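Enquirer: Each chain, written out:
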Amino acid sequence: MTALTKKSVFNRPEKPYVHPYFGGMVLGIILFLAFFLTGNGLGSSGATSRIDAAIEDSIAPSHVDNTPYLLKMAGGDKNPFDEWVVPVFFGALLGGFASGFFNGRLKFITTKGPNISNRTRWLMAFLGGVVFLYGARMARGCTSGQALSGGTTLSAGSWVVMFAIFGGAYAMAYFVRKLWN
Amino acid sequence: MNFPLSVLIVPSAEHPWTYLVFALIGIAFGYTLEMSGFGDSRKLAAQFYFTELTVLKVMFTAIVTAMVLLFGAVGLGILNFNQVWVNPTYLASGILGGLIMGVGFIVGGFCPTTSLASASTGKIDGMFFMLGGFGGAFLFGETEKYFDNWYTNAGYYGRLTLDQVFHLPVGVVVLLVILMALFMFWGAEQLERIFGKKDLTKEPKIRMAGAGALVVLALAVVFIGQPSFEQKYSNVKITRTVADKPVIFNADNALEQRLVQVSPAEVFKTVYNQKVNLVMLDVRAESDYNLYHINGAVNVPLDKLQRIIPDLLAEPPANSVFVLMSNDETAATSAWKQLVASSVPNAYILEGGINNWIAFFGENEKFQSAASTGSDQLQYVFPAALGSSYESCNPDPQKYEELEFEAKIKLQLQRDKSGGGCG
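So the protein sequences, as listed, match chains B and G.
Quick note: the first sequence uses this note's numbering, first residue 1, plus one each step.
Quick note: the second sequence uses this note's numbering, first residue 1, plus one each step.
Only chain B is shown next, with the shape it has when bound in the complex (with noise of 0.2 Å):
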C-alpha cells in the first residue's frame, strides 16, 4: 500500500450534505418501504437492549431468566438477536461507513461546540447515550421506533412521544448551551 493509494480511499474529496427535505424524502420512501414489505417500520434502540441481554445470557443466564424484562428476549433458548430489529442495526451501521466512504467524510475527528474540550465532549456524549437509551428503553422506542415510524403509522402513543423528546431537549437546552455554543 502506497501513501496515495491509502489517500485515496480514505482521504476522498469531502462531499456537501444533501439538503434536508431531499433527504426526508428518501427517508421517507425507505420508511415506507419498510413497512410495505414487512410490516415493520425502523428501529435501532432495540437492537441495543438485545445485544445487552445477549452479553448478560453468556455471562449469567440465570440471572436473565430471573429478570422480567430480559426474560422475554433471552430466557431459556430464546436467541435475543432473532428480530427484525438487530439486522436493522448492523445495516445502519454498515450503510453510514458506505456513505461517509462514498462522500468523503471517513475521519476520527470530534464533533463538538466552540468551547469544550474533546474530553468534555467524549464525557458528555457517553451520559447523553446512557440517559437516551435508558429513555428509548422505557419509552419502547427512540426516534426511529416511536418518532418516525410510529409517527407514519399515526399511532397515538407515538405522536406523544416524539412531542416528549423536543419537549425534553428544548427545556435543557438552555442549561447546556455551553456545550454546543
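Honestly, the hints are just simulated from the structure, not real lab data.
Among the hints, erroneous ones may be present.
Below, simulated DMTMM-like cross-link-like pairs (lysine to aspartate or glutamate); rule was C-alpha separation at most 20 Å, straight line [claimed, not checked]:
| no. | chain 1 | residue 1 | chain 2 | residue 2 |
| --- | --- | --- | --- | --- |
| 1 | G | K275 | B | D77 |
| 2 | B | K78 | G | E286 |
| 3 | B | K72 | G | E391 |
| 4 | B | K72 | G | E144 |
| 5 | B | K78 | G | E142 |
| 6 | B | K72 | G | E142 |
As the structure is a prediction and not an experimental result, all values here were calculated from the model.
Based on the hints, put chain G in the right spot on chain B.
Expert: Okay, now just chain G, sitting in the frame of chain B:
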C-alpha cells in the same frame, strides 16, 4: 397483492434471506442519515438553538412522505393495515421516557441511530454515545423490575391511532398532519433566517413543488378513502392442508366447506389444551347470555363487536384462538366475517351454536324444548337465568375425557407483539 409479505413480518432461520432484507433496509437507513448530516452532532444540537433545523426538516419530511404513501397503499387495498405494526400507546412511560430521551439528545448530541451513522464514519463522540447507549439499555433492563407494573399498565391504550382519537377519517388526518408539517417547515425556515442568519433566497425553489405534491397526494388519500368491509372481506385467505398440500380458500368457501365451524366437543377439549389460549366470545344479546352461557365465555353483543376488534388484534397472547357463538350459527357467522375482515387470526364458530352445545352436553338437564323457535333463537326453556351455573355449562372433564371429533382448529401464530417494533 397481499402486502406486507407474511414471510417478512417475522424474519426466521427457515428463510435466511429475510434477515438480509432487513439488513438492506438498515443499510439504506444508515446511508440516508449520514448523507443528511446526522453523523455530525453539531447539526443535531443546532435544532435546539434554532440556528439550523435540519433534524425537524428531515424527520417530518420522512414522516409525511412515508405516511401519504402508506395510507395511499392501504386505501388502494394493496397493503393490509392490520398487518402493519402500530406502536401501542403507553402514555405514562411514553411521556417520561420521551422527556428523558430529550435530555439525552441535547447532552449527548445524538439519538441512537444517528450515533451509528456517526460512529461508523469515525466520529469519536459518536462512538462514546453508542457505548453509553449500551450502558443505558443495560441499566434499564436491570431496573425495570422496580416499576414493572407502572411500565406495563400506566396509560395503556393498546393499538390506538390518531384518527380514532379525533374521530376523523384517516385521509383527513393525513392531510392535516401534512398541512401542519408544511407550516412547521415554513416556521423552521423563518427561525433559521432570524437565528441562523440564513439567506432563504438561495433555497431551492423545487421545495415548493414538493410541498404541492404532498398536498395533492394527501387529497388523493382523502378521496380514495379506506377499504370497505366488503373489500377487506373479499381479500381474506384461509390456508388449509388438503391431502398434504396447502390449499387457499376464500372466506365464503371456508364457511361453505365448514372449515371453521368447530364442534362442541372440540371447543370443550380446547379449553384444556395448554398450547392454546381459548377465547370464547358469546355474541348474543345479554338476556340470552344471562339465561345460559358456556363457562368462561365473554358476552360481546354483535353490535359492540367492532369496538373490541383493536383489542383482539393487539392484546391477547399469540396463541389465542377465538370461538364465536350464538344460539345457532347466524349471528356468530356474521361476527366471524367481521373478525376475519379485520385480520383477527384464529377465528372460529361454534358449530350449531349454544343449542347444539346443550344437545351435546345437556342430556341430564331436562330442559323443555321451546314451543316455537325462529332462526338463531334458543330452543330450550330455562327454569331460571342461571348464566353458567348449569351443569352442562362446564362439563365434567373426566366424564367427557374420551370424545371423538374432527379437529378443525389450526393454530396460526401471529407475530410476537411483545418483542415487536423498537420495543
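Enquirer: Hint by hint, where does the structure go against what was stated? Just the numbers, ascending.
Expert: 2, 3
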